[in-house]
Amino acid sequence: MSCTPVNVFVPQVTRIPITGPAPFNTLVCCCVVGSAPIPGAGIGYVTRAEVTMGTDFVLADFDQRVPPVFQHSTAAWLAGIGPGEDDTWLYAVDNVSDTGFDPVTGQYFINLDVGVMYPHIPSQFQGGIQFNIYYISVCSYVLVHEPPKAGSPLPFPLRSAVRKQDHGGKLLGRAVNRGAVVPFVVPCNAPPTFQATFVTGSASSAQLNTCPSQCDCCRESRCARGGRRVGAELFVRD
Amino acid sequence: MAISLDSNDPGQVASASHIEFETSQPGQRALVFSGIAIPSWNLNDDNNIYHQTITVNLRYPVIAVVNASVSLGLASIGNDDSAFLFATDSDTLCIDNNSQELMLQVDAALSGDPSSLNRFGYQVVVVVTTQSTGISGTIRFSKDVFDASNLTEQQVQELFLVSADTLTVLPPPPGGGFGQNQYNPVAYGQLGGLTWSGDDFSVPYTIAGAPYNVELYGIVQIGPAFKPSGQTTVVTQTGGPSPVGLKVNAPSVSGVDFRVTSYTVK
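Taken in sequence, the protein lines are chains L and D.
Sequential numbering from 0 applies to the first sequence in numbering that gives the first Met the number 0.
Sequential numbering from 0 applies to the second sequence in numbering that gives the first Met the number 0.
Here chain L stands alone, though its shape is the one from the complex (with noise of 0.2 Å):
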């Protein structure tokens, strides 16, 4: 069986046009599975704690003078527990507590009441997992108001993409490594001398660059070097 690929921009945040209740006009979708870190407390003890979910979901133009307006609606529910053999265990999400935007990033985060009694590891997986596995999925819908987005593809300014393109890069597209949004640039045309150490994220290694000494796009110590990565950012050949 055969199927076309949809060609999603990562992070996965769906965000749907709404035309109200005023003043939202998006409605937000965000669904994010992550680990509990939490000890456990020793046998017939149940550990409770807060625990913070952060999504790929950032407000476009988040200003951290402004509070968002937003209401929402989460859910969530065990995702992977175990393992454990001969023992008491629980294993709980018992509330969302809070969601709310990081004040300094604009980062939409999600509080849970959890808690849990960890049971036994089996003997069987002494050998393979060793720590408990606690998974917890979330799924919030949100209605914000966004501005409209000027031209461009991408839901929000891509302000570091932008300066390369300046210096005659070309947007290729961004991948995302523990939340973290790498943009792909391409810097130049020129014939690859060197190539990345370091690659994080969907590029192939046929599209890794290198770069002449002399290439006006490139600071002469980088190339010097035989190629690194450069704060979150890969160059990747056109």
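Calculated from the structure, these hints are not laboratory results.
Predicted, not measured: the structure shown is a model, and the values here were computed from it.
Each hint should be verified, as a subset may be incorrect.
[Said to hold, decoys possible] Estimated spans, in silico, between C-beta atoms of each pair:
1. D:142 / L:19: 37 to 43 Å
2. D:244 / L:39: 51 to 57 Å
3. D:81 / L:60: 53 to 59 Å
Using N, Cα and C, we set each Cβ at its ideal position, and we do this for glycine too.
Following the hints, put chain D in place on chain L, whose structure we already have.
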């Protein structure tokens, strides 16, 4: 026995919430309901698998469902050293024949000695045809009871808590005594802006989303911003029917008015 849960009760459904937004079709609305239901279902038998239907009243009256998508997941489960099974097998979205409220029915299964299916999460995305249902009126009080002329807009919203409640009459306890009236809120109201004429203040209110075909009682509770002059405060209904009944062909009732008085016993 089936388990029934009320999304208005935090003890039965944790973090229940819903959002709604407009579609391009007149008379239709799109809604998302989420929450963590608390069936607290326990048993002590790991030789059999037990099945149970759990119903969550989403407390939203509708005429019909156009489209719906439901997601479920186990949220709180536990076991003590036995074979076990936990399952939310299937779901059905339905409309209560009497109140026209949306109901989520979940078929669950459980086994273990002991096992607990304490909670499960749900998310319902639905497009419905609906119409505005509502109870509206005015709450009045005199300046002698409380001078509200200098309140901010935020403080006005904290003057009263208005709700539409059903009434359950509890029988007297065995051995004598009196029965009790227990009011259960099924929809909450919103206050409008404060106005006054002479020495009389009035605050309009609207309760939207109240169920059909149910006897409802308007209840006004004093909020933290209301500072009465007397020790005892009384709220009396001065207009409109009691109880109030909403019908599909008559979904709104207005003029359900109240007056707040206050006195000090000497």
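Hint check:
1. D:142 / L:19: 37 to 43 Å: 39 Å, holds
2. D:244 / L:39: 51 to 57 Å: Since the Cβ atoms of residue 244 (chain D) and residue 39 (chain L) sit about 54 Å apart, the hinted range of 51 to 57 Å holds.
3. D:81 / L:60: 53 to 59 Å: 55 Å, holds
In this structure, none of the earlier numbered hints is contradicted; all agree with it.
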